[in-house]
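One-letter residues, chain by chain:
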Amino acid sequence: MNHLEFTLLVAAGSFAAGLLGSLTGLGGGVVLVPLLTLFFKVDIRYAIGASLVSVIATSSGAAAAYVKEGFSNIRIGMFLEIATTIGALAGAFLAAFISTRALAVIFGIMLLYSAYLSRKPRPRAQRNLPPDPLATRLRMNGEFPSEEGGMRHYNVQRVPMGFSLMFGAGALSGLLGIGSGAVKVLAMDQAMKIPFKVSTTTSNFMIGVTAAASAGVYLNRGYVDPGLAMPVMLGVLAGSMLGAHILMKAETKILRVVFSVVIAILGLQMLYKGLTGGI
Amino acid sequence: MAEIAGQHGWTDQKLENIVGNLLRTGVSLAALVVFIGGIIYLIRHGREPVNYHVFQGEPSDLKTVPGIIRSALGLHGRGIIQFGLLLLIATPVFRVALSIWGFAAEKDRMYMLFTAIVLIVLLYSLLGSGSAF
Numbered sequence: 007m008n009h010l011e012f013t014l015l016v017a018a019g020s021f022a023a024g025l026l027g028s029l030t031g032l033g034g035g036v037v038l039v040p041l042l043t044l045f046f047k048v049d050i051r052y053a054i055g056a057s058l059v060s061v062i063a064t065s066s067g068a069a070a071a072y073v074k075e076g077f078s079n080i081r082i083g084m085f086l087e088i089a090t091t092i093g094a095l096a097g098a099f100l101a102a103f104i105s106t107r108a109l110a111v112i113f114g115i116m117l118l119y120s121a122y123l124s125r126k127p128r129p130r131a132q133r134n135l136p137p138d139p140l141a142t143r144l145r146m147n148g149e150f151p152s153e154e155g156g157m158r159h160y161n162v163q164r165v166p167m168g169f170s171l172m173f174g175a176g177a178l179s180g181l182l183g184i185g186s187g188a189v190k191v192l193a194m195d196q197a198m199k200i201p202f203k204v205s206t207t208t209s210n211f212m213i214g215v216t217a218a219a220s221a222g223v224y225l226n227r228g229y230v231d232p233g234l235a236m237p238v239m240l241g242v243l244a245g246s247m248l249g250a251h252i253l254m255k256a257e258t259k260i261l262r263v264v265f266s267v268v269i270a271i272l273g274l275q276m277l278y279k280g281l282t283g284g285i
Numbered sequence: 006m007a008e009i010a011g012q013h014g015w016t017d018q019k020l021e022n023i024v025g026n027l028l029r030t031g032v033s034l035a036a037l038v039v040f041i042g043g044i045i046y047l048i049r050h051g052r053e054p055v056n057y058h059v060f061q062g063e064p065s066d067l068k069t070v071p072g073i074i075r076s077a078l079g080l081h082g083r084g085i086i087q088f089g090l091l092l093l094i095a096t097p098v099f100r101v102a103l104s105i106w107g108f109a110a111e112k113d114r115m116y117m118l119f120t121a122i123v124l125i126v127l128l129y130s131l132l133g134s135g136s137a138f
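Sequence lines, in order, name chains A and B.
Per our numbering, the very first residue in the first sequence carries number 7; after that it's consecutive.
Per our numbering, the very first residue in the second sequence carries number 6; after that it's consecutive.
Simulated from the structure, these hints should not be mistaken for laboratory data.
Given the structure is predicted, the values throughout are model-derived calculations rather than measurements.
Be aware that one or more of the hints could be misleading.
[Stated by the list, open to error] Estimated spans, in silico, between C-beta atoms of each pair:
| id | chain 1 | residue 1 | chain 2 | residue 2 | range |
| --- | --- | --- | --- | --- | --- |
| 1 | A | Pro129 | B | Leu37 | 30 to 36 Å |
| 2 | A | Leu274 | B | Arg114 | 47 to 53 Å |
| 3 | B | Ala110 | A | Tyr119 | 38 to 44 Å |
| 4 | A | Glu149 | B | Ser65 | 49 to 55 Å |
| 5 | B | Val59 | A | Glu11 | 36 to 42 Å |
| 6 | B | Gly62 | A | Ala18 | 25 to 31 Å |
| 7 | A | Ser152 | B | Ile23 | 24 to 30 Å |
| 8 | A | Leu274 | B | Val59 | 38 to 44 Å |
In this text, a Cβ means the ideal position worked out from N, Cα and C, and glycines have one as well.
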């Protein structure tokens, strides 16, 4: 295969990943690395470098649209970014000392867990929780435009637990080159009891900053190859932008099921390749 | 009092618009530069065989900020792509820097500090982490 053919095929694959990721809300980043390593036989370190870059592109693109809606909480985001960026730095440094086989195994487990998480029903959100002293001191409590009209107030809970989970989310992002939006939403929505809509938009706002923290390390280490990152970034960006413009309300449910099955299969394959040394 | 509140709201609105525009401009500009670099790269090297299976790491002029700028100014396709990627990585960094200014306008010292910590981590990653290896 020559560079031109490779570029076009990778761009097409990345476009599909970006489109599906944005339509299902599961993010395209998780399937990019398996796509590049399993189908295009790219070394996993190059694949992670390219994936990180595309994560910044899609997150910043989406955050530009969200910022005006008034859902994301900038204080929660900024405070937790201390944890995610330091975690991302730690993850990126760690990636240099872990064998590519071990990286594939960790990636496989992460994919299987994401597939499970996307199928698991979300517990009902508790409302009107009492204010937590630490969250109040950190001025995290806020309000957002509710579906019933008007503004709904919320009190943030369990800040230390959320902060620790965010460190983990950052480390995972730096280690595997993913946005780890699922873990971020889990930390805010489940641990800190932040309303789902606020959690998802704030998570999106944080993903780009988190990914930038590890992308610098990957770039300095020579893991970001321009010839590979170019079609990946442009493809994912175009796909996710198209996905954000298409409204497919009825089909998203089926699409989510299909996509989570794809994620699970890729997870098993990464796990197998990592364990047998085919990566 | 109402006037002050109104002014405060106006600053917030203005800042959000600036942040939104910054993100959009940063990503669009980065994508454009990467695209131009990609075309130059493919015209010159499109017919050469691909090998990403064997990991070699990038040469030094494609992994440090000064090296990338030099390579891009030399109009090398790969250098221009890498410069576009650098713009992309810098976009969230600028956003964080802008937030410090936003918190300063609200006289929120605690969050100015938090934001400064995040900014230092980001700048270290981009500019200082190379020497760690």
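Hints and how they fare:
| no. | hint | verdict |
| --- | --- | --- |
| 1 | Pro129(A) with Leu37(B): 30 to 36 Å | violated (44 Å) |
| 2 | Leu274(A) with Arg114(B): 47 to 53 Å | holds (50 Å) |
| 3 | Ala110(B) with Tyr119(A): 38 to 44 Å | holds (42 Å) |
| 4 | Glu149(A) with Ser65(B): 49 to 55 Å | holds (50 Å) |
| 5 | Val59(B) with Glu11(A): 36 to 42 Å | violated (19 Å) |
| 6 | Gly62(B) with Ala18(A): 25 to 31 Å | holds (27 Å) |
| 7 | Ser152(A) with Ile23(B): 24 to 30 Å | holds (27 Å) |
| 8 | Leu274(A) with Val59(B): 38 to 44 Å | violated (26 Å) |
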